[in-house]
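Protein chains in written order, with the working numbering: chain V, 482 to 824; chain G, 482 to 824; chain H, 482 to 824; chain R, 482 to 824.
Derived from the structure by calculation, the hints contain no laboratory data. Hints may be right or wrong, so weigh each one.
For identical chains, the list gives no copy identity; a pair is met inside one copy or between any two copies.
Each computed DSS-like pair below joins lysine-lysine, with the alpha-carbon atoms no more than 27 Å apart [unchecked claim]:
{"no.": "1", "residue 1": "Lys629", "residue 2": "Lys599"}
{"no.": "2", "residue 1": "Lys802", "residue 2": "Lys812"}
{"no.": "3", "residue 1": "Lys599", "residue 2": "Lys551"}
{"no.": "4", "residue 1": "Lys802", "residue 2": "Lys487"}
{"no.": "5", "residue 1": "Lys551", "residue 2": "Lys487"}
{"no.": "6", "residue 1": "Lys551", "residue 2": "Lys682"}
{"no.": "7", "residue 1": "Lys816", "residue 2": "Lys802"}
{"no.": "8", "residue 1": "Lys802", "residue 2": "Lys683"}
{"no.": "9", "residue 1": "Lys487", "residue 2": "Lys637"}
Number of protein chains: 4
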Amino acid sequence: MIIILKSGVSDEQIEHVIRRIEDMGLRTHLSRGTYRTIIGVIGDEARLQDAPLGAIPGVAEVIPVLPPYKLASREAHPESSVVDVAGVKIGGGYLGMIAGPCAVEGHERLDQIAGAIKAAGANLLRGGAFKPRTSPYAYQGMGEEGLKILRDVGDKHGMPVVTEVMDPRYVDLVERYADMIQIGARNMQNFSLLTEVGRTKKPVLLKRGMSATVVDLLMSAEYILSQGNPNVVLCERGIKSFDTSARNLFDVAAVPTTKGLSHLPIIVDPSHATGRPDLIPACALAGVAAGADGVHIEVHNCPEQAMSDGPQALLPEQYAKLAATIKELAKLFNKTISALTPS
Amino acid sequence: MIIILKSGVSDEQIEHVIRRIEDMGLRTHLSRGTYRTIIGVIGDEARLQDAPLGAIPGVAEVIPVLPPYKLASREAHPESSVVDVAGVKIGGGYLGMIAGPCAVEGHERLDQIAGAIKAAGANLLRGGAFKPRTSPYAYQGMGEEGLKILRDVGDKHGMPVVTEVMDPRYVDLVERYADMIQIGARNMQNFSLLTEVGRTKKPVLLKRGMSATVVDLLMSAEYILSQGNPNVVLCERGIKSFDTSARNLFDVAAVPTTKGLSHLPIIVDPSHATGRPDLIPACALAGVAAGADGVHIEVHNCPEQAMSDGPQALLPEQYAKLAATIKELAKLFNKTISALTPS
Amino acid sequence: MIIILKSGVSDEQIEHVIRRIEDMGLRTHLSRGTYRTIIGVIGDEARLQDAPLGAIPGVAEVIPVLPPYKLASREAHPESSVVDVAGVKIGGGYLGMIAGPCAVEGHERLDQIAGAIKAAGANLLRGGAFKPRTSPYAYQGMGEEGLKILRDVGDKHGMPVVTEVMDPRYVDLVERYADMIQIGARNMQNFSLLTEVGRTKKPVLLKRGMSATVVDLLMSAEYILSQGNPNVVLCERGIKSFDTSARNLFDVAAVPTTKGLSHLPIIVDPSHATGRPDLIPACALAGVAAGADGVHIEVHNCPEQAMSDGPQALLPEQYAKLAATIKELAKLFNKTISALTPS
Amino acid sequence: MIIILKSGVSDEQIEHVIRRIEDMGLRTHLSRGTYRTIIGVIGDEARLQDAPLGAIPGVAEVIPVLPPYKLASREAHPESSVVDVAGVKIGGGYLGMIAGPCAVEGHERLDQIAGAIKAAGANLLRGGAFKPRTSPYAYQGMGEEGLKILRDVGDKHGMPVVTEVMDPRYVDLVERYADMIQIGARNMQNFSLLTEVGRTKKPVLLKRGMSATVVDLLMSAEYILSQGNPNVVLCERGIKSFDTSARNLFDVAAVPTTKGLSHLPIIVDPSHATGRPDLIPACALAGVAAGADGVHIEVHNCPEQAMSDGPQALLPEQYAKLAATIKELAKLFNKTISALTPS
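Next comes chain V alone, as it looks inside the complex (with noise of 0.2 Å):
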């Protein structure tokens, strides 16, 4: 950690911030500069994260050196994770091939659903029995009937099953149905949530909140590894940025950057990203481009009746289309996609 002091900062000034940190177990080198004075602090800084040190008075800037994430950190685990989802891997060379329709609407609809994509080539089915609504009185989901159905229509396809938690008291109920547990963008940042799906034993698929940096989305990972649970894969879906061309901007760069700073997997949804059919396959493509970990798509047979995010849906046929090219660049790029038993 690096503490610059104001210009005109006193003597006494100093003595009181060296004092504060010493007294905290750790020691200082001062290093008087032209213009500026700047205390180094040596020993372990994860003791003065949580110490208000910008607030002593003298104090201009206080720069850590170490990131606040140690667990997610690349430092703490040089090598790439790969997550198991009931025998689908994710990170480390796999590539996951996630893709349902937004929420689970009926057992007819899924399982027509599935057996689309499933023939395509995806390895996950998603869908979602509580939903995230904007609006009170828009549809909210099926609840534990949906995660019945899902459970189903997955167990008849040989496909694991994602499908979101959103309330803290729902966590156990979750996790007796789901493969892996989503965590929506709204909920990036809700503590609470990120605990209890850090006791649960399931993979979590934790999606970045939509005005989160790749760091607090790190930090919102360490929350669930800190609880216990390593199994955490990554989304990147889409920032907010003021050109409203589509629903928000997908911010590709996000994956290089994630795995500079992380071992953690992380993939893409184009779906949430964009919110335009139009846009989801060329930046599916850049996704894996990019190096991302696998693909997350919503499709639907029929979108029009769609209760939820119809009109960014992908039709079967256009899924198949898009999967087919994700597999070819998969191969350019020695990216491996867990096979199913088919069905």
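Given the coordinates of chain V, assemble chains G, H and R onto it according to the supplied hints.
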């Protein structure tokens, strides 16, 4: 609602769109322009709010005419609402003066701070018992013990108290101790939590999320209102921006924007909006001049020992100076500050 | 164009709006809905583009139906344009490989770099003679001397050259030396400059401004096209964002968005979009996978001695490795890279 | 300047960094921490401003300690500057009241508007003769004819005049007619233009670019100051944001932020910052309460016939009401408004 069709739309597609809308019990009005055909929808637009009209082939764009929030809208309730927090009024000409430390850290400290800010003119005491912290390793608050201290100190000084709840499982607990329940920025779209506080009888202080538009904020208020709790006070506390000279970007225009759209009171929180004591007074005054119904300020008597957010706290004497100027502005703009019984 | 009137608009006001529009030679179509009255405008919307209809009493919102750019729009020119830069084609299936140092620093250095990047697969040489620098104290470029060196080295290696112009007074000078004229991001809305390059006969590389929407970019292209110069290549080079982990935010979705709206080629510049050599290769590949018509990369053989932007340059060997993968992607996506005569 | 080295940096690399810095005539101070080695640079940091230290192998981050603007910084000039525009003072306790139409449209109209705003309290007349328009098909201004009218009307009413220049070739022309030269937001980083107005003797009104940080704005001011023109007034006029409820986001905190960093006056322009007459008064008052040195407002007596930006203009009577409240605020904050000779 106006539906703009794609250029080159077929008559069959137009027919299909019209049928879908009429099946939902609404009438349509077709208008063929030089370049585009447009369908006006006549009747209760709310019935269509959840329908994926944008996914129907031939539809280019769907433009709603009514705001998607009803109870929060000024059209539904032309007069500005006044929210009464245990005798302290906010809105409709009343200015709330909320102040206190970021976190409740102990009885003595809170008592000192409460005494000082009350003397300066604050009429509502804030203090966190559950703290939403970006890092799992940071101080998380005193929990119920903190709530007790807050209640005690509030009662001693005759100040109503406001504190944050982060988890739907703790809403009952917080409701027992607090006069006003705060929903923090990171939970603005935690819909389970919004629903739960909507079921309480206590006024709610709803903070704007860091990437929420004003409309998003009103939609979240609608969640609370739709559960039967009419006492919602909105709070502008800074949004994300590319300019990182302050912690967030204080969106003072959100005050008149919100007042145009909604009857709900809106206050400003320059402490979180800027995170910099040198900017807080100017932004607080700007907020009042722009028409805000109150000011929320973090105050600590020893910022360098604060357990949370020390570097952004004002000292009691800085707060006193600011509060004196706010009172002059209030006079200029004919605003009333609810008086407390002297302690 | 659709004009939505305010609720409570008077008949007199409606009459006035209609008269204003009909006075401009257009017809109207009135539609009274349950909540709002709407006026559809029939006829050549372009006549109204400049009229302040939003200022007429009673008007709530004015929604244009046609894009405000005509020459740049895909509706006006359905086939993708191919821009020919002294024999090197960009767009319509051709991938431009632009590379070179940020600034021309001397003959020998540029010669070395040009030799290396040509061997790696570049087919257009870039280098700045006039540098737009944030600081007045920073290196401002070699001026005409730099242009001469660029021309010379380009000729020696048989590579067409592209260089930036910042000032309308230097357009003639730059046109004499360059095969393609670049307009930098900071000048994307320098309308005098756009008009001036629109009068030249040379292809223009138009970079997206840091806070320009895709539509803003197309409006700036329209300035050039409307002067009679049809050879415009757009360039995505990163926009402003709250996440400062990279210099800018690489908006890869701008590639398919632009291609949907316009026939003009669009390339990507991951060097300026990220400013980080560790992110450039991933973003370059993402751009090509998303359908970009070319890749613009800064290369320097001794970044620590570069006069400008050294920290973001790739080394020649890094470029060679990246270019090899780009060629594989090009093959996968059936793109052609115009060949140069071997030097 | 502080140079943070990468973890695992070799002694040879450290040596190389130190040599590079010492070769530039500066001294270094090495500090080996537990996790990172840091090099403090002692001496005139400005010598390094242009050196690509970040490109040297082993360097992780370069943190400058001094601001890159010197003449604009408050360290260099602790007292607030007062800029005198033909007798009207701005800054250092003086509040400039700039008002007028977006564009000069004719003598009679400008004369009417000038009479009305002067009566209301404006002391500087604005009006555009060269208009930067997003569309090449939009009204571009009256040119020199407009400048003549502006000069004439200003003289008649005894009001100094301010008008925009967009092209370095017209700086001489504009300087002949104007008392203050405006650089618009889109040209804030048009460095040729900044250099050219820096060579004039007239005060400059420099508007903040839509994606410029406060530091970027000060760097652009530095261009003008470094050419010998010390009379620069900054102007906050809204930046880009994801919330599109107003045209731009009015960054009122930029006022105190700038005042902390620089001695230059800063005014606010709520007309361009919001583009909405219903928000302009609240934002103007917010700006003054936050400490702005002036207010820039667009006023038109018939917005629906305005040649440019009609929908955002205030009517003269709206301006008069606002100006009256601004005067009360000025009194409260001890600000003086330079008086004009009555016409």
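Of the hints given before, which are not true for this structure? 3, 8 and 9
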